[in-house]
Amino acid sequence: MTQFIENLINGLSLGSYYALIALGYTMVYGILKFINFAHANIFMLGAWFSWMIATQFGWTDADSISPIISIPVVMIGSMLLCGILGVVIEKLAYSPLRNADRLNILITAIGVSLLLENASQLDKLFGTQPERMPVLFNNSTVLEILGAQLLMVDLIGITLAIFLMLILNFLIFHTKLGSAMRAVSFSHQNASLMGISPNYIIALTFFIGSTLAAAAGFLYSTKYVALNAPGTEGWVLLGIKAFVAAVVGGIGNIKGAVVGGVLIGVLEIFGASYLSSQYRDLYVFVVLIVVLLVKPTGIFGKPEREKV
Amino acid sequence: MPAEELNTQQSPLKNFLRSTVPLASGILLAIILLGMDEGAFPGFMSLTGFYSKVLKDIGIAIILAVSLNIVNGYTGQFSLGHAGFMAIGAYTSVLVTFYGSFAIWGEPNIREPFAEDGFILLTQFGPGDLLFLGALLAGGLTAAIMGYIVGLPSLRLRGDYLAIVTLGFGEIVRVIFQNTNQVIRKSEEFEQASFFDILQALGGPYFSGAPFYTNLFWIYLFVAITIIVAYRLKYSSSGRAFLSIRDDEIAAESMGVNTAKYKVRAFVISAFFAGIAGGLFAHLIGVTLNPKELAFIKSVEIVIFVVLGGMGSITGSVVAATGLTILPELLRDLAQYRMIIYALLLIIVMIFRPQGIFGLNEISDVYRWIKRKMFSSKSGNAKPPDSSPPDGDKEVSS
Chain G
1 MTQFIENLIN GLSLGSYYAL IALGYTMVYG ILKFINFAHA NIFMLGAWFS WMIATQFGWT
61 DADSISPIIS IPVVMIGSML LCGILGVVIE KLAYSPLRNA DRLNILITAI GVSLLLENAS
121 QLDKLFGTQP ERMPVLFNNS TVLEILGAQL LMVDLIGITL AIFLMLILNF LIFHTKLGSA
181 MRAVSFSHQN ASLMGISPNY IIALTFFIGS TLAAAAGFLY STKYVALNAP GTEGWVLLGI
241 KAFVAAVVGG IGNIKGAVVG GVLIGVLEIF GASYLSSQYR DLYVFVVLIV VLLVKPTGIF
301 GKPEREKV
Chain X
1001 MPAEELNTQQ SPLKNFLRST VPLASGILLA IILLGMDEGA FPGFMSLTGF YSKVLKDIGI
1061 AIILAVSLNI VNGYTGQFSL GHAGFMAIGA YTSVLVTFYG SFAIWGEPNI REPFAEDGFI
1121 LLTQFGPGDL LFLGALLAGG LTAAIMGYIV GLPSLRLRGD YLAIVTLGFG EIVRVIFQNT
1181 NQVIRKSEEF EQASFFDILQ ALGGPYFSGA PFYTNLFWIY LFVAITIIVA YRLKYSSSGR
1241 AFLSIRDDEI AAESMGVNTA KYKVRAFVIS AFFAGIAGGL FAHLIGVTLN PKELAFIKSV
1301 EIVIFVVLGG MGSITGSVVA ATGLTILPEL LRDLAQYRMI IYALLLIIVM IFRPQGIFGL
1361 NEISDVYRWI KRKMFSSKSG NAKPPDSSPP DGDKEVSS
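Residue numbers (the numbering used here), protein chains in the order written: chain G, 1 to 308; chain X, 1001 to 1398.
Be aware that one or more of the hints could be misleading.
What the hints assert, rightly or not - Here are some, though not all, of the chain G residues that point toward chain X, as calculated from beta-carbon distances under 7 Å:
{"no.": "1", "residue": "Ile35"}
{"no.": "2", "residue": "Thr108"}
{"no.": "3", "residue": "Ser273"}
{"no.": "4", "residue": "Leu275"}
{"no.": "5", "residue": "Asp281"}
{"no.": "6", "residue": "Leu288"}
{"no.": "7", "residue": "Val290"}
If you are wondering where the hints come from, they were derived from the structure by calculation, not from laboratory data. This structure is a prediction, so every number in the text was calculated from the model and none was measured. Glycine included, every Cβ here is placed at the ideal spot set by N, Cα and C.
Produce the complete structure using the sequences and hints provided.
Structural data, given as structure tokens:
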């Protein structure tokens, strides 16, 4: 039972990171109908920017600075950097292809992804050595449930993730800006007839998606402190899994991204724990293939009708 | 009109030549390359180790690019899992050569040639090479079967989704191969091992001990075969079906093209050659066959070859594969920047010339285009209205 609770906590933690990343994928797909392969790299850069900010300020542990200051500064700083990066990518690489073939945009997205991965490995930037993220708070046990420890890091991770998702939900469903975003996802032309600038909304979507991915990156770095070098296999896999989560939940659907993320996170941890941990990466792909064959639009997705 | 005037049939001689000359010249080229590599020719016609290696890499890259072109280029199905087929071919062929030679001759690597000197084909090859040929074909066949299985989901999934499924497939293959058991080396163990044990003993992270059977002959033999098959395919009814699916699947279906059949066919053929390339690759690097080299990144590299060269153009794939294999060697100092340059190239090509260098054209089309451009004064320019005499029953064209 202890193991079950532990796995559940880890799964929910991992799942909340996947959910935040999946939200970015899903929002961009909803608006532009294309899969931004580079989103996973934004997540990776979110983690590395967090490391960069924390080390630049010289914050090495919970004693050098109060977590109430350090956590928001690092997280928001990394979110802003990634948000801006997301907008820049959109303007330079994706907007020239706004009306092109879907295949071309997909290939461009792969190109951007490769560019980010390899550029961040340059010596001038983050290099090829793994680094350790400073632990900015006291990672004590918050409470014990049936023998399993709920650690501070999981509590913070899950709480912050839920907090961000609630903000996003409020933004999209209860504000005028959110209505504008939803309008653009239905039809760019009609939205522009109503006085909404699709370019602005698209840039905003990329910004928000990237900030969420960066937040996920920061939270991930608090839990899995040893950061692999940028562009290595570990990050690529994480990105792919988050993407699978978005697809499984129904790409284009906000609820789906969250549910998909948590589901994939839990499945991965449970699979690794109860089945074989060697094939950890396999479970996620198997789930993907099963979902795509049985219900390609995902759990909450609506079937898209192809007009001739 | 008398029937003799309508000579629409080509002479049997021409047909015979057209069917045999390409393959024969391919085989001849392969033999010559092998000779150059093994020092059969004097001085200037020999290849040093470096050039030899580069040529081998180029050959394998060409097979991979041209085979992917069949799925991505002709049929427009975006597959990101080509490395998975390559891996299947690699490991199947290694299984056959390594354990097969165990079974037949009692030890893993037989490299004795048929004869000690004389005709090059006899000195360079031995019974082990016949096993190698069988292994390559087995690898290709297994990959083709997997191609069938992977091709089936493609019937229901469009563009982005198919890309993800093929990506997932490639990664699943890699993870499976990475988690296999150690290679069986002792003959006692081998006697006792069951077939399933052997299937699982593929070395895990490294398969050390694949014999070095690959040489320039084998590589370029299959380069020739792949190019010929791709070319024949493109200008056949299957090829037209593929291209129609690429252009507009719904229109093709409504014109009676069985899209399901052709999509799966594209995957199977493409996977077969990828498997062959995998087998050649495995026996080239031999000692360090490593599933990580056959992962998603490799698939992406091959996609870059095809996209850059032109999706649907064999010439394009060959040129891009050659160029992008040589480029890292030339830019050794800039090795850090290699992938960055590739990535930038990809983005720039997609924005400014999405059809790639060659588009759908082959070298013959380019030749015709050049001829047209050089002689453009003779045709194509608008003539002034009344310079040509009135001609009653000719169609006026401008």
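Cross-check of the supplied hints:
1. Ile35: holds (5 Å)
2. Thr108: Hint on Thr108(G): holds, closest Cβ of chain X at ~4 Å, below 7 Å.
3. Ser273: violated (17 Å)
4. Leu275: violated (12 Å)
5. Asp281: For Asp281(G), the interface hint holds, since the closest Cβ of chain X sits about 5 Å away, which is under 7 Å.
6. Leu288: holds (5 Å)
7. Val290: It is violated, given that the least Cβ distance between Val290(G) and chain X is near 11 Å, above 7 Å.
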